[in-house]
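Colleague: Single-letter residue listing:
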Amino acid sequence: MSAPIDFRVDATAYRHWQVEYDGAVATLSMNVDESGGLFEGYELKLNSYDLGVDIELNDIVQRMRFEHPEVKVVVLRSGKDNVFCAGANIRMLGGAEHSHKVNFCKFTNETRNAFEAAAVDSGQQYIAAVKGACAGGGYELALACNYIMLTDDSTSAVGLPEVPLLAVLPGTGGLTRITDKRKVRRDLADIFCSIEEGVKGQRAKDWKLVDEVVSNSTFDETVRERATIFASSSNKPDVESGIRLKKLERNITENNVSWSTINVEIDRAGRKATFHLKGPTEAAPSSMETFQAQSDQAYLLRLCRELEDAILHMRFNEMDIGLWVFSTQGDAKLLAEHESLLSENAEHWLANEVRQYWKRTLKRLDVTSRSLVALVEHGSCYAGILAEILFAVDRTYMMEDEFEDDDRSLATITLTDANFGPFPMANELTRLQTRFIGEPELVESASAHKGAQIDAAKAHELGLVTIILDDIDWEDEIRIFMEERASFSPDALTGMEANLRFAGPETMETRIFGRLTAWQNWIFNRPNAVGSEGALQRYGTGVRGNFDFERV
Amino acid sequence: MASTLDVSYDTRIPNNVGLGQDRKVLKALEKWHPGYIDWWNKLIPQNFQNSMVYLRTAVSVDPKGWTKFDYVKMPEYRWGVLLAPQVEERTIPFGEHKGKPAWQEVPGEYRNMLKRLIVIQGDTEPGSVEQQRFLGLTAPSLYDLRNLFQVNVEEGRHLWAMVYLLQKYFGKDGREEADDLLRRSSGSDEAPRMLGAFNEETPDWLSFFMFTYFTDRDGKMQLESLAQSGFDPLSRTCRFMITEEAHHMFVGETGVGRVVQATLDAMNKAGISDPNDIANVRDLGVIDLPTIQKKLNLHYTLSLDLFGQEVSTNAANAFNAGIKGRFMEHRIKDDHQLTNDSYTVKNIADGKIVEEEVPALTAVNMRLRDDYIRDASGGVGRWNKAIKKAGFDFQLTVPHEAFHRQIGVFASIKADPNGNIITNDQWEAGKNEWLPTLEDGTFIQSLMKPCYEPGQYASWIAAPKVGIDNKPGDFEFVKLHMA
Chain W
1 MSAPIDFRVD ATAYRHWQVE YDGAVATLSM NVDESGGLFE GYELKLNSYD
51 LGVDIELNDI VQRMRFEHPE VKVVVLRSGK DNVFCAGANI RMLGGAEHSH
101 KVNFCKFTNE TRNAFEAAAV DSGQQYIAAV KGACAGGGYE LALACNYIML
151 TDDSTSAVGL PEVPLLAVLP GTGGLTRITD KRKVRRDLAD IFCSIEEGVK
201 GQRAKDWKLV DEVVSNSTFD ETVRERATIF ASSSNKPDVE SGIRLKKLER
251 NITENNVSWS TINVEIDRAG RKATFHLKGP TEAAPSSMET FQAQSDQAYL
301 LRLCRELEDA ILHMRFNEMD IGLWVFSTQG DAKLLAEHES LLSENAEHWL
351 ANEVRQYWKR TLKRLDVTSR SLVALVEHGS CYAGILAEIL FAVDRTYMME
401 DEFEDDDRSL ATITLTDANF GPFPMANELT RLQTRFIGEP ELVESASAHK
451 GAQIDAAKAH ELGLVTIILD DIDWEDEIRI FMEERASFSP DALTGMEANL
501 RFAGPETMET RIFGRLTAWQ NWIFNRPNAV GSEGALQRYG TGVRGNFDFE
551 RV
Chain Z
1 MASTLDVSYD TRIPNNVGLG QDRKVLKALE KWHPGYIDWW NKLIPQNFQN
51 SMVYLRTAVS VDPKGWTKFD YVKMPEYRWG VLLAPQVEER TIPFGEHKGK
101 PAWQEVPGEY RNMLKRLIVI QGDTEPGSVE QQRFLGLTAP SLYDLRNLFQ
151 VNVEEGRHLW AMVYLLQKYF GKDGREEADD LLRRSSGSDE APRMLGAFNE
201 ETPDWLSFFM FTYFTDRDGK MQLESLAQSG FDPLSRTCRF MITEEAHHMF
251 VGETGVGRVV QATLDAMNKA GISDPNDIAN VRDLGVIDLP TIQKKLNLHY
301 TLSLDLFGQE VSTNAANAFN AGIKGRFMEH RIKDDHQLTN DSYTVKNIAD
351 GKIVEEEVPA LTAVNMRLRD DYIRDASGGV GRWNKAIKKA GFDFQLTVPH
401 EAFHRQIGVF ASIKADPNGN IITNDQWEAG KNEWLPTLED GTFIQSLMKP
451 CYEPGQYASW IAAPKVGIDN KPGDFEFVKL HMA
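Just so you know, the sequences run in chain order W and Z.
Note that the numbering used here gives residue 83 to position 83 of the first sequence, counting from 1, and the numbers run on in steps of one.
Note that the numbering used here gives residue 246 to position 246 of the second sequence, counting from 1, and the numbers run on in steps of one.
Just so you know, these hints were derived from the structure itself, not from any lab.
Even glycine gets a Cβ: it sits at the ideal position worked out from N, Cα and C.
Hints are not guaranteed to be accurate.
Unchecked claim - Incomplete in silico selection of chain W near chain Z, CB under 8 Å: (1) SER154; (2) THR155; (3) ILE195; (4) GLU197; (5) SER215; (6) ASN216; (7) TYR539; (8) GLY540; (9) THR541; (10) VAL543; (11) ARG544.
Hey, can you work out the whole structure from these sequences and the hints?
Modeller: Below is the structure:
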């Protein structure tokens, strides 16, 4: 097995980015190291990116919130002359397995969503300062910023050239954000997405592709001014210093990956992995000051970091493991106490960041293309935040009554405020609202049991679990379910699950992960893009794609 | 078709493309015209605008006799739209459409690629005029002043030629791009020219000669490859531009040659035998050969950068599309499609310069640069002949292609003029030996004094062997308006 793709970044040695901190304003410069590709066979020319570049970006965005809460405005710019960013590296895409492309796009989408939401969630605004060519994924980076400034040097342009140039889509939110976020009129968007050269100057502003077009000679100065103004008008409270996120400790063996609070046990023959989450063992911090002093070792932050790393590790490095089983063990009451410190101090910057982080991580779970199942066993601690896992997965199985030779406390579920608002899904509904989309009154009845330890029978009655099983049936039923699941086509399962998980309204985010991604993934499988004569394969050779012109 | 050989002067814009009948394009060009005249008027110092310059104007595109010489004030120069005669039944000479009839209209699928190539080419034309705008003030003779202005007005005409293509074939987008060609300006903070070499200053006349010899030669190579284009109007336009461009290179080659000659003559006269005796040579009021070598190093390497990346997707696409060919495409013996061919390019591996075989299609830029290097060596040989004939042991040489590069694989390393990879420290220690220093520039500037008397030449440059249009050396090539 080759070295796994590692999402744990050494923040002291970014290869592709430079960050300068200056009080409330941070400047994030993209300066991709051409020879720093994650894999062999391509050079990251013209500030193009691959997964390795994006892993660093994700890390920076994350640290900006935890380590630099004093930052209110982040200016995203290029560290290279004449080019802002040319987007995802085409040769990398051309050479990549389909599964890698899909995973890569999902991760980059998640990163963009994360910094886009930083303004609302954390009061950190991103300004894209665009100088030079800004094409495809480059413009998508800018689109995810809260404000786009383009220099008017008569050459710099923003563009989405994927369709004419590569026969694929701007799949990192591009097609969705121009219409849903920037409200570009659809016919103008149609022109914009059909021209390789992009749109520059005043027209880019007129078409709402950028927020501001700035004279080239005063560009840097104007960007600084805007950053200062945004920072001073921000209502983000001043925070003196953040906390340090140290590199996660992780241990990988052949069939086991473990962190301090999580152990993932891989059953290769059964194509499944069980995520064992451990509840807290120590009392909740008495105050946010204590929490902050515990820093990245505070239980709920540590668990969240480890869960995120586990999700990403398993997504990228264990592609054949199609079924993820969630299991928790611990003291539900203690867990709820840890959580209530955060909810009671929701205005505290660090409490807020940890909660927002959980929101993002739970969303990662929602969009993970694996069958997800949760087991509510005796001794488990599905309370509040961890109970959200029950409503994120495709099915839940809960133990009912006492099991022979099992002296653990009886399985229960504890609902808290966490299940009724702070952790919405991409559709902006809570997981319970989505679950009970046709019976909103069931959300009410669940809410009435907040704080109580809900046993299996009650949980079943309230519709919180899929199936409750006693000692006689548990083992066999679950074995049969897992064997059956493992036998189905993984493609059909991915499609089925992704459709069933997101009932309710569409949002920009669901459209990105649903409509845009699904179409992109279809195109990524079509010969016109990826066949030996397809545009993506032929890119760089000088020979054009040879298309089958049948409309499907 | 004899009619396309002659130029029609009945519209405001002289042309051989039937503009008189093409009301829409004529209107568009006439709308663009005032902006152009305005650009020109603001560019070159006013006293030169009012001077009478002995210029050639194209009156036909017949290679046998296409020019007419006369005195003209530059703003009144008849900048025309001139295309080489159409070749009957011309076919696309290369790429995947090879053998099909050449396009007379823009093929929709290549609209963007064509437009981009035309815009980049168009952007260089006014760029060089902007770089050279103040040189008139220090002209070493009226003969050279005329040559400068000739080059300038013809670069202006080349801009016209590209603008015509944009206006005629690329609709609204093309018109906007045409406007932007006047918006960008060499070295501007606001909107610089697209290519780096065209934002560098041309501070003195030796730079001008080096520029016309080396950088205009890049222009020639680009025009040669665009002249092969399957898009016939572009091909015809470029074919005629090449005819004019030849004179620019002549100005460069003879210009450098005359600078060298003046140095050789002065050294011989003063009895200096060591060309490296820089201080004493400079005291003679001429430019020493080592400094000429440094200038050559600079302009040659900036020009190599204009060829772009050695391995280039854009160049491959343009070739395969039949839009931009190779130098002397018709003389190359291959399938003109490069389906299975490879080409050797240089690359850096483990700190060494290595040769690699890559698909020839992706190495079209590299091949053009190799052709350029051969083409550029001819004049250097002739300068060396003069040095040898004058009895000096000195040779001007073009540096290795790895030396002083900003674009392509060599941009990542430092190399000396012989192509040895060196450390940053070695570069810092050697660069003053290889490239012009501030002090060299100051010295050359000190020589740049105008010499406006007919038949007189500045100390640092020899008289030409023959004048332009067979006029004698003391002919008044420019009747200066010294208001």
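Colleague: Hints first: check each against the structure and report whether it holds.
Modeller: Evaluation of the provided hints:
1. SER154: Holds. Min distance 4 Å.
2. THR155: 6 Å, holds
3. ILE195: The hint holds - W:ILE195 has a Cβ within 8 Å of chain Z, the shortest such distance being about 6 Å.
4. GLU197: For W:GLU197, the interface hint holds, since the closest Cβ of chain Z sits about 6 Å away, which is under 8 Å.
5. SER215: The hint holds - W:SER215 has a Cβ within 8 Å of chain Z, the shortest such distance being about 6 Å.
6. ASN216: 5 Å, holds
7. TYR539: With a minimum Cβ separation of about 7 Å from chain Z (threshold 8 Å), the hint on W:TYR539 holds.
8. GLY540: 5 Å, holds
9. THR541: 6 Å, holds
10. VAL543: 5 Å, holds
11. ARG544: Nearest chain Z Cβ about 7 Å off; hint holds.
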